[in-house]
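A.B. asks: Chains as they are written, first to last, in our numbering: chain E, 1487 to 1868; chain X, 128 to 579.
Some hints here could point you the wrong way.
Claimed, not checked - Cut-off 25 Å, straight-line C-alpha distance, at most; resulting in silico cross-link-like pairs (BS3-like, lysine-lysine):
#1 X/Lys302 x E/Lys1849
#2 E/Lys1849 x X/Lys574
#3 X/Lys270 x E/Lys1849
#4 X/Lys574 x E/Lys1771
#5 E/Lys1506 x X/Lys515
#6 E/Lys1834 x E/Lys1771
#7 X/Lys475 x X/Lys302
#8 E/Lys1849 x X/Lys515
#9 X/Lys438 x X/Lys270
#10 X/Lys515 x X/Lys302
#11 E/Lys1506 x X/Lys181
#12 E/Lys1506 x X/Lys270
#13 E/Lys1849 x X/Lys438
Claimed, not checked - Partner residues are not named here, just some residues of chain E that face chain X (Cβ under 8 Å, in silico):
#14 Glu1569
#15 Ala1825
#16 Phe1826
Hints listed in this document are in silico derivations from the structure and should not be mistaken for laboratory results.
As the structure is a prediction and not an experimental result, all values here were calculated from the model.
Note that beta-carbon positions come from the ideal geometry of N, C-alpha and C, so glycine has one too.
What follows is each chain in one-letter form.
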Amino acid sequence: MALMPCSLRKALRPATSASKTPLLNVPIDFGRTPLLHHVQSTYVNSPELPQDTLTRRMNLYQAVNNGLRTALDASSKVLCFGEDVAFGGVFRCTVDLQNDFGPDRVFNTPLTEQGIVGTAIGLASEGMKPVVEIQFADYVFPAFDQIVNEASKFRYREGSTGGNCGGMVIRMPTGGVGHGALYHTQSPEALFCHVPGFRVVVPRSPTQAKGLLIASILDCNDPVIFMEPKILYRAAVEEVPVQSYTLPIGKAEIIKPGNDLTIISYGRPLYTCAAAIEAAERDFKGMSIELIDLRTIYPWDRQTVLESVLKTGKAIIVHESMVNFGVGAEVAATIQDRAFLHLKAPVKRLGGWTTHTGLNWEKFIFPDVARVYDSIEEILGY
Amino acid sequence: MRVPLASLARSPRHSTFLPGHPAYRAPLPQRWSSSLSRKPGSAGVRFPGAVDSKFTNALHFERPATYPAIPTYRALSPDGDIIDSSFTPPSDTLALSMYENMLSISIMDLIMFDAQRQGRLSFYMTSQGEEGTCVGSASALEKEDVIFCQYREAGVFIQRGYTFDNFMSQLFANKKDAGKGRNMPVHYGSATLNIHTISSPLATQIPQAAGAAYALKMQRLTDPNTPSRIVACYFGEGAASEGDFHAALNIAATRSCPVVFICRNNGYAISTPTLEQYRGDGIASRGTGYGIDTIRVDGNDILAVRKVTKKAREMALQDGGRPVLIEAMSYRISHHSTSDDSFAYRAKVEVEDWKRRDNPITRLRKYLEKKSLWSEEKEAEARGRLRKECLKAFAQAEKEKKPPLRSIFEDVYEEMTPETKAQMEQLRGIIERYPEEYDCSEFEGGKDTLSP
């Protein structure tokens, strides 16, 4: 079906739309986004979550804290350390953990990311479960050698000795907050995905963060990079199960079903996508769009994505990180390879532009609701 | 000793090309194994890794805890009296300008901290307690020297001539900002003042400073008419835990780079106190470990910092160049940044104590007052005047336009790539199709600067 570019949208605008009031690029309303469980009764739509359970309202940092606390409680092998972790961390994720679990298990390290990650590898290689914090994803690069050449290759190198560093989790806040500029904004997940060996996880919400984090620490026998969208630490609030529970690593989730287009994303841009989908489904009557949260960026859930695209025949991948050599390229290439004859439109990638996130420009660089909406219109009308 | 030609040809460290060939590289000097030979009765073996070590039959581990701590040099007592009899004080004019520069920074800090709290800029970092380290050391450097900073060195910038207008343009990321509105506040940089633009990741600037110093050394070797220059490199004691710090000192030492490393040891890396940062004798003890001449100085004593830096600069240029390490001791009175509330990890009374007990500004003020160069009236006049100047620059910078949107894509490469040109076109298309979604009015030239 062909859609008249912009005409529908304009026709549906209120008469005041000649004014400069944005309709799409408005702040995400975290109080009513469908991505969060504002009340426990919506748990029935998330069968992976424990049902009929005691819940508490938590934001993302509280859910991470709660997940860490659960893991520290469950296993004496779990340790938590990193820069400024003792007083609770600069984003408050480790608050009170040192008080409750003691300075032998929860502690500050000197300011050295290579030291933090290398130490974690050593601990994991001797059977412990270190959960380390890198203060910002932008500051992980001194540890890149330990990540790429050591942890990623550990199991492969050890061969039949069985040595591995499963149980180790590297947590890091990631992504934009609007004013982080060059070094408090980056989303380097694609860099970690290029070298196999790590499972790379990005939670979208407090419930997801707690379940995925506990699974990463207690259940996963491979090292995990756990990237927390830092803009959600305080913004995303929902009902979170108080009990311990896990969510599957390596499994994507269809968070909104649809028939005419598949949008694949993860982390913070899911909220942008949900807002754009809401506007598009309102404006383009009869159209329904499927939204998939990858959750684990690598190794990613090809089956869920391919089944969806086989059904819809159209796909858009959205991420904050720059589009060149990004996650979108990998997903798009896989889709065209495995679903070519079912495609009704080119697979579209929407990412940050191929540049650095200068202070003034974040809102122009990352895909916003208008850009996602524009791409939906383009691909639906293809 | 003579090396057999055959072994030269096999060694990967040597060029296989003959002298005269453009690809020929002269052999690198090496210690050869014959230096291990020992004359009968000699007290030690010249191991290649420790040529002056004597043999001992006493089994003894070196225990750093038993060494006396490296002393801290002071020229002024906390009461403002000169306590080093060999000390030549700076001219009255210089002392007064250094004082005013410290005052300027502390006034700007108060204004900008509050402005951030009011939401008028996104972020700020104050220098409270460290004005002396920065202003004092910068006063001893030459204009041609090259500087790398960490992020808490506003005093270095002002001492070298950075104006309130310069500070405010960067802080408000407006079109007059040399960083083109790309960097977070306090990431200043200046070509005319030879200060490289600040980068947030910690310690990365330290090995870069060693390299820059080697460049200055090579340039002077090539052309002896170029002025003798050094590189000064600032960093905190927390950053000195990064691998880059160690790499930097080692490379600077082995390549004899004319660089002065200036560590601002302020006691805290965000919340982490020095007790959890290191166990040795501060940062200074590491300098000697790398074979670098090192001094520890009282950072609250601006005149001592100046004198120490002046001497370090001279030493760095001796014998073709060498690194020097200065560890300036102070206390971070301020929160780490506007994103930090330090009372979550340290007692307010501890901070108040330091503020009252010792402070670089009050110490120099006492000195100036004892010389009758300063008074309560002068203090009031200077504070009023500087505050007014700062607020004027603030108001102007805040209403200035932001740099053109085109800066989003420029300077990634020397020239924009076809890929980025296409993206710029896409962005312009989106803005034109959805004019109500984008406000481009605050940017110089609006959306039109996105045209090819």
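A.B. asks: Would you mind marking each hint as holding or not holding in the structure?
C.D. replies: So, going through the hints one by one against the coordinates:
1. X/Lys302 x E/Lys1849: holds (18 Å)
2. E/Lys1849 x X/Lys574: Since the Cα atoms of lysine 1849 of chain E and lysine 574 of chain X sit roughly 14 Å apart, the hinted pair holds (cutoff 25 Å).
3. X/Lys270 x E/Lys1849: violated (39 Å)
4. X/Lys574 x E/Lys1771: violated (32 Å)
5. E/Lys1506 x X/Lys515: violated (37 Å)
6. E/Lys1834 x E/Lys1771: Distance ~22 Å between lysine 1834 of chain E and lysine 1771 of chain E Cα, so the pair holds.
7. X/Lys475 x X/Lys302: violated (40 Å)
8. E/Lys1849 x X/Lys515: violated (34 Å)
9. X/Lys438 x X/Lys270: The hint holds at about 16 Å.
10. X/Lys515 x X/Lys302: holds (23 Å)
11. E/Lys1506 x X/Lys181: violated (82 Å)
12. E/Lys1506 x X/Lys270: Status violated; Cα separation ~50 Å.
13. E/Lys1849 x X/Lys438: Given that 25 Å is the threshold and the Cα spacing comes to 49 Å, the pair is violated.
14. Glu1569: holds (7 Å)
15. Ala1825: With a minimum Cβ separation of about 26 Å from chain X (threshold 8 Å), the hint on alanine 1825 of chain E is violated.
16. Phe1826: Interface hint status for phenylalanine 1826 of chain E: violated (25 Å vs cutoff 8 Å).
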